[in-house]
Amino acid sequence: MTRFQHLLGPEGCGTSSHFSRRTLLQAGAGLAWLTPLSQVLAATSQEKSSKGRPKSVIVLWMQGGPSQLETWDPHPGKMIGGDTKAIDTSLKGLKIADTMPLTAEIMHEMALLRCVTSKEGDHERATYNMQTGYRPDPTLIHPSIGAILCHELSAKGVEIPRHVSIFPSEFSARGGFLGNKYDAFKMYDPTGPLPDLPKRVPEDRFDARLGDLDILEASFARGRRLDLEKKKTLHRETVDRATTMMTSDQIDAFNIDGVPQEVKQQFGDTPFGRGCLCATQLIETGVRCVQVTLNGWDTHANNHEFQSAKAGNLDAALSATIKYLKERDRLDDTIVLCGGEFGRTPKINPAAGRDHWPHGFSVALAGGGIRKGVVLGETDPEGQKITAETKNAVRVEDIHATIHDALGINIDKDFQTPIGRPMAICQGTAIPELVADA
Amino acid sequence: MWLKNIAFIVLATVVLASLANWLLSPPKVEAVDDPVIVVADDFQAAKLAVDAQFQEVWQARELQPAPQADDLTIARRISLGLTGSIPSLEEIRLIENRPDEDRLAWWVNHLLEDRRYGDYMAERLSRAYVGTENGPFLIFRKRRFVTWLSDQLMENRPYNELTQDLIADSGLWTDHPAVNFITATVDQDGTKEPDVAMLAGRVTRAFLATRIDCVQCHDDNLGGDLKQSDFHELASFFREAQNSFVGIMDKKGKPYDYQYLHAEEETTVPAQAPFNQHLIPESGGTLRNRLASWVTHPENKPFSRAIVNRVWAVMTGRPLVEPVDDIPLKGSFEKGNFPAGLDPLVDDFIAHNFDLKRLIRLIAATEAFGRDSRADHEITAQHEQAWAAFPVTRLRPEQVIGSVNQASSLSTLNADSHVLTKLITYGETNDFLQRYGDAGEDEFSMDGGTIPQRLLMMNGNLVTERTKNNFVRNAATRISQLSPNDETAVETAFLCVLTRRPNPVELEHFTDKLENEEIPSNRSQDFEDIYWALMNCTEFAWNH
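Residue numbers (full-length UniProt numbering), protein chains in the order written: chain A, 1 to 438; chain L, 1 to 544.
Source of the hints: derived by calculation from the structure; they are not laboratory data. C-beta atoms are modelled at their ideal positions from N, C-alpha and C, and glycine is treated no differently. A couple of the hints might just be wrong.
Claimed, not checked - Listed next, the in silico DSSO-like pairs over lysine-lysine satisfying Cα-Cα at most 30 Å (straight line):
no.	chain 1	residue 1	chain 2	residue 2
1	L	Lys227	A	Lys119
2	A	Lys119	L	Lys254
3	A	Lys199	L	Lys468
4	A	Lys92	A	Lys78
Said to hold, decoys possible - Label pairs and their computed distance ranges (CB to CB):
no.	chain 1	residue 1	chain 2	residue 2	range
5	L	Asn156	A	Ala351	45 to 51 Å
6	A	Ala351	L	Pro255	31 to 37 Å
7	L	Asn353	A	Ser154	54 to 60 Å
8	L	Ala381	A	Ala388	43 to 49 Å
9	L	Asp187	A	Asp88	37 to 43 Å
10	A	Lys156	L	Asn430	37 to 43 Å
11	A	Ile87	L	Cys217	22 to 28 Å
12	A	Asp88	L	Leu172	53 to 59 Å
To be verified - Per the computed footprint, the stretches of chain A lying under chain L, defined by three or more beta-carbons under 8 Å from a beta-carbon of chain L, are:
no.	segment
13	176-184
14	188-198
15	221-231
16	239-249
So that you can see chain L by itself, here it is in the shape it has in the complex (with noise of 0.2 Å):
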């Protein structure tokens, strides 16, 4: 009998061992069947041009920049980025087996085919196409356009014709999803039609990062030469989209009637486009087809400024010209002085036929990317603003929400989850956005937190749900349970949640915590509550 005992005991020990070892150490590294990095010979000019224009800014502000932040922070960055959660154990883990040379530009390629990048990004760039608002009923399919759009950048087609589709794509808003960019705005308590007001003011600014829409109601009176009329004739382009039984379709010669303030009476607004007029096809196609040639013309620098600020603004939480729909069309600008780095990278998205794929990793590998928020030398806001340091951003409550419910799983979270982790999480991200509050199209604001948000952090159901004793499904329960010793426990909680080791300091402080019997507790409860102040403090809330 007791020898039976001691057979089962050993077993069990034998499956516990392997079960740790297979939970708490690197997974094996799969990453064959990635795609091998392609590097084109003049990424790296295309890099150092960038580069050498934010050196140039920090030497003639005598900045003295930060350093270069660790691996594991860029790659949170990256990842945060991209996929709008931190990176898993799991990640970390492959990302640590990979050499250090190729290192981060593997991570990018990594999340770059990760069906996450495609969901979340286009998550984001809807915001600047259609809005936040549910739309109108039954023609406006939100879901079904967000949808596509991933599928638009998962295959990385390329920006111009993807906006050309989104302009100028014609049909029903199921079947032709990029026309919801035209129904979004039908107005369906008045003309029932496509409100063209709405549709140039979102072109201007999604696409042209211009707020021309300001001269929607009187001519520019501050300062600048743009006319309300301006802005209605880029609004006439749109004048032939109707909505009908087949969906978005353009009615030839409907013309677009307007009375400018101190008008008489109206006029009829011809079609024409604000600034380099030259751009514009003579003829072929509708009007919304002519209009999308133009805000997409390679000559056309705007609309590559306007992506190239945005997709910036996504992987870091700040744009390079703020706010990140406004870059001037004069002043300064006009004479090609814009902020570092900005000329660079529109150059090489141009010439490279608008690759969004690859502008990501160029700004992945730019310096101003990798530099550090912290140094030995006092960081400024001066620093911040001009990229000596990397910007402590807000993070948004999508990434908020994606970060709790990746740090309570040691495996990632991705398409290939269980079907009900991702019913469960699908369910408990709409609860907590709701709570939280979405910040709307308000992308970019630098505001900090709110009480409510600490409240629901602090005392609310998801991270109380995502930190109890649960050997399942919590990451804390079973560092808890299956870690070796109590710096091995802390550091994976660490990394899990943070995205990096503890410093001597906390790491004593924590194991400390462990063996204090002060206060009654478990081992699980313990690392409850050390998940808990994780997943509460500013380091958690914000990209660094």
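Chain A on its own, in the form it takes in the complex (with noise of 0.2 Å):
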């Protein structure tokens, strides 16, 4: 047992009942390369079905500003098409951009939208749009997807941080009004060890160091309130929660050191893909919300050149996400959302650019109970802007609500704030046609 572990509650994870999980485990074949720890769970997860398990998210997110006209929603031919090519997929009569020939193998298992529609067109207020279902408000920040599912799922087993963004862009997921701890944990390529969890001191002198501190704490609880550490600092309880994920084999998950590398080929074996492998072993750990960041979509100019190569690196790690997820029968029970903050302009600028475009973009979805194989809305061919009336619009809100659904979570709930103020979790609603059972 950890120091402070009496904080963690009854929901924190026993070390020893961890360990003889990984002792079992070990007897196991044929997922060698996995972590122990995803071994176990992995073997675990075969034995069991889909049914029951709670649901996760991986957010595959598209910094910049994604052209729907060089990824889902090619129009080749037409003025507003530019050099992009279109592809059929394995989904009858779905063309997407030449740029994703992997994606258009398994087009099958997705749903695609074509029509999503915000009234943000900058990259921070978009960025916060996309990412909570809300648009920007003074007043407070609202939590992101993964906050919410955090929130609102257990954590029961699970010793590292349950929401995670592998390359934070600058306006990383937050836990809003939730409070801090929801914030995600921020990581970088998985390769090498994560930062700040090795040990700079040797144990002993490390185990010395936190006698050192409990003095210190002794000595500053004295006299102070006696819930202080419970209902305001939680100082010791996020000290004992770092120590235990410093000393906790689901760390493991954060590297992909062991995996072959020719699994890490299939993810393209590039910072984006690397992090999409990680996100795997992840979501496979217990944790709930994965955001992978692949940044670099704001082509104001040379877009084509620029969005084929971005396609590039998505195609090969999101398709191979899916295939992934789906051999370990794990796509039922997680939600792959791929988009960003909101297209380009139908129109080529002279700089051979496409501008900030939020009236009529694609947002990609698969697995977690979503129906597969759909495709809704169209964009004009011609470039017309798509409002929350044109049929089949899909509101950025609507998006929330249907995830948060397909996740289990009651959206009709409403959240206090901190000043009282009833919150509702998404002020959408779901969109039928990816109900699974609709």
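Using the hints, build the complex out of the two chains.
Listed below in structure tokens is the structure:
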């Protein structure tokens, strides 16, 4: 039992049970490249039906605004189409851009929204809007999908942060009014150990340091509020959680060094691809939400060239993520969301770029009970704006409602903000076409 | 030969002893150039008026107040509030060399003349004025803006005049840095013009501590009587501000059209204030000039309440009225029933020509500011709520890194520090802030810390670099090598990091640690460990 373990409450994971599971696992075969913990969990998951397992989300975040015309919604031969060609996909009648041939092979596993519309054309505001389902409000910060998920679902057995952001952008997913403890844990390329996790000194010296800390904490507590730690600072609890994480086998899920090269290659072996591979490991370890960011979509110049390069990165990583999750029987309880803060203008500017366009862009979804093989909405081949009133238009808040609904979160529930203001989990309504049993 | 050796040993001993004496003993007090403390006759009366209100509340709620905190604890609060870091060992020696009766008043004055005050307070206030976003490219110069604001604070420019510049100044963002308040809102993707709605929101929150922006999209449906038109009529004061090649200027007669919720069509919105309309000048200057006059009018008390509440919050970590930018205009406050301390501070601020430095001196002198956060009797949340005990509040990331850096240096890190030190500190600060997590505009959040923050402090580069064996740079190493004995060494480390001396239990524990031979270590390593523990405890990360 670690120090301050008693403060973690009944949901803390005892290391002893953890080790026993690990020991059991080592008898397992066929999953040798997985980290020990992932092997245990993977073996367990093979035995269980996916029914009843808590659900998770992987957000593939295309920071900068991906062009719908160079990815999910090409219009070849039209004025707005540029140089992008369209190719057939595994979903009959659906064509996507030729920049994404691997994804084209698995489109039958996905749902595609081609008519997403919002009112935010600024990167920061639009990112906030897409990540929280709310437009920026100066009076409070809304929680992101991952924060809500962690707030609503049990933490049982998980010794590492359950909300993780890989390659976080400057607008990282926040806990907002739910509290900082729901902020995403930020990490970068999952090769090598996580920064700040390895102890700087040998074990016995580190333990002695913690002993010193106990003396100081006892002094500080003396004469002060009895509930200071529990109700306000959470300092010792956080130290304890951090040290638990440092000594947990689950931190193996944060790095992919042990994964065979051929598996990495399937994900593209780019930083983003490695991030996606890591995201699948984290999900198997019990993490509820992982956001992996692919930056560089803000192509105000040389749009086709840059978008094609980015789409190539995305193509390998996205298709491998979905295939991997399906092979591991994890796709039914993991929603994969792929999108950015807005799309790009149908009109190509004089610098051969496309500018910001929130009036009709694409978001792709897969897994987690979202109905697959659905394509909702279409954009105008001449580039007219899509508004919320356009047929089959999808509002950002409706995507949030759909995801929360699929995750089993009661979207009619209200949160209380710190000043007692009731705030709905999300403003939208679930998109009926995407609800699997609709 | 042996004579030479003896001479060398004697010389080396003298040099080392002198060095140790210079590093660890009290530096000479050099306060003669500091300003003479001028306390106006009515300063004490104002302080007593504030204290009386707090005492009345404590009595009414039957709260036994905590005793007065010791001088070093209060000095730490003052330093964190005015410079964003803890006092250095050098400064602690200076403080302790002052006579008891003027020690803290001198310390406040000393810091108010230190550039760190201007820079830190400007950084904190700028968050309310222009937010924490990067803002529009080229036309928004955050650094220039903050430097200008720092200059104004150092000069102690009357706060009403400073605010008038922010609202109504014209010109280029470089030559007239105040206009960055306007350019920060320019919509570069859309109209290319200042955003009148955002400006109205900023004015009401930053300068009036009212959240009228809640009615931007619809009338107040939470029981208030504010209308959507109240917000847009205020926004209309900014309608003539426009962005041009000569910077921000006003185009007379430019209309502001807006379609209200449920309205059939747009209407032209007149400029009007949501309350105290009689204080708007009938004519003279631009619309923005008239708005600035109304906002800063001595009778428009929400203006002074807003800055008093914010400065109190910067100095203590918690505002008198929460949230800091939402002091209700209605309800019990309408009858003048404000929280203890606010009204007398506001009255004194207005009576003394919006003097920010006087306000700071007054806050630091109040009983509430000086209460301890602990007592022999039980301290409860109610004590903290009523300021019968000083509330324990989370340090901002800038305060944490400022304190880590300061604790690792025996001398004061300030504008006089070596340029290399400042450069290294600047680079490390940015990296640390990014990793630790900036709280943004949510300045006074009461949330606890996070796991990444703890990991960064326990295993991160900064604490490791600032505590490891490095005689030239690190206080921990110097203390370990130069202290005459273990007790002095432990005491010095506590003073450097926690601005206090160790209690008997702590002293015994850490001196025992130094003598413990079970874990093989050297002395500088022991002090690296002691510093690590001191920098990782709750006491270091929270204001108390």
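What hint numbers does the structure not satisfy?
-> 11
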